[in-house]
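Here is what each chain is made of, one letter per residue.
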Amino acid sequence: MSVAILRTGDYLVASIQSDLSDPEVLALRDELLERVGRLRALGIVIDVAALDVIDSFAARALCSIALTAKLRGARTVVVGVQPDVAIAMVHFQLNLEPLHTALDLDEAVALLERETRRKRPDGG
Amino acid sequence: MDPKTPAGTLQASAADASLLHELVEYLRENRGELRELWAQRIGDAELLGVMTADEIFSEVTAVYDNYVDALETGSIETLQEYARSLSERIIRRGVETHEVLGIVLLLRDVLGRSLLDKYGGDRDLLERILDAYEPAANRIAVIVGVSFVEERERVIREQQVAIRELSTPVLQVRERLLILPIIGAVDDRRARQLTEQLLGAIQSHRARVVVIDITGVASIDVTVANHLVQTVEAARLMGASAVITGLSSKIAQTLVDLGVDLGMLTTVGDLQGGLEEAERLLGYRDAEVEPADDSEA
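Residue numbers (the numbering used here), protein chains in the order written: chain W, 1 to 124; chain H, 1 to 297.
Just to be clear, a hint being listed does not mean it is correct.
[Stated by the list, open to error] Computed footprint of chain W on chain H, listed as stretches where at least three residues anywhere in the stretch have a Cβ under 8 Å from a Cβ of chain W:
#1 122-130
#2 200-211
[Unchecked claim] Some, not all, of what chain W presents toward chain H, calculated at C-beta under 7 Å:
#3 Ala-4
#4 Pro-83
#5 Met-89
#6 Val-90
#7 Thr-101
Derived by calculation from the structure, the hints in this document are not laboratory data. All values reported here derive from a predicted model rather than from experimental measurement. Virtual Cβ for every residue (Gly too), placed ideally from N, Cα, C.
Whenever a hint applies, use it, and build me the whole structure from the sequences.
Written out as structure tokens, the structure is:
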């Protein structure tokens, strides 16, 4: 699988380097959710900047990661959606509201810090 | 069919060729008179009102000569070229399609009448002359008319491209803040183009907030309204928030009546409010306004 999952502080960063097949998308989901539990991560950043296409299956999987991770206590932020990809994703008519997005990794980390600080009164 | 006649020319059977030749000779001999008659008929019909009598006369002369040449040689290329350059000149001055068709048909009338006068005594000869003349004359009329319309369409296409390029600036007003002022009618195609430009600009400027100002839009339909919602959602997927400003009461009413899902949209009354909202989203805090006590004293 061409996805590197890195850990930085309380967050996981998954950088997708090439188009994923449907099973690979599911494998990524399982891997991330497993690590969220094991590493007690508070946030997940999924970088899709390298993708020219995100099909409806992958879009739904991203939503599903976001919703499930939230249940396990981690926020998910998708970064680097390309303009064409954004237009295509909107046309899937999926409810993408659970998906937090940011322009790049810096923004995503800043967003997660704002979100997770609230949950940890002693943190930050 | 004359074997020497190249492709794309006026068709004339061998029997017609001599008649056509005679016809051309006749038109050459009476050039001055027929030309003036034509110009006069144009004046009477109040065509080409935007041109002076002298201008009309010089164009009439040129068209007449080209017309006769085309009849003689059967080659339409020179006439076509002339018709195109004539159209280019007169379109800019506001000459309408009906005027161009009108003057070409007038020339046909003038020449037809004069043939009638000349050959009217010999019914049989007249018929044959007209048989030779009419198809060629009709063809020429079509060429001139079509050239004019094509030229007009070309001008319209050019203008459309120019308008499209001018119509949608994406402006950066602050670090990471873009404004997209939309002015004029928005159709499906323009809406798509706006979306592409906006998303491209978000990426290249690393924008976090975009203000879409539609003060200058008079009305929108359901397709465009949905497109607007989709654009906002697409911008969000890229990590930028969109603020929509300047919805007129009419547009607001339309959106509600159409049942467009507006839950996703952040809307603010005017551009000023929109910029304030955008700065708030960017984390700028309102500067405390000092009470202007001493200026009042």
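Here is what the structure says about each hint:
no., hint, verdict
1, 122-130, "violated (count 0)"
2, 200-211, "holds (count 6)"
3, Ala-4, "violated, 21 Å"
4, Pro-83, "holds, 3 Å"
5, Met-89, "holds, 6 Å"
6, Val-90, "holds, 4 Å"
7, Thr-101, "holds, 5 Å"
Of the numbered hints stated above, those contradicted by the structure are hints 1, 3, listed in ascending order.
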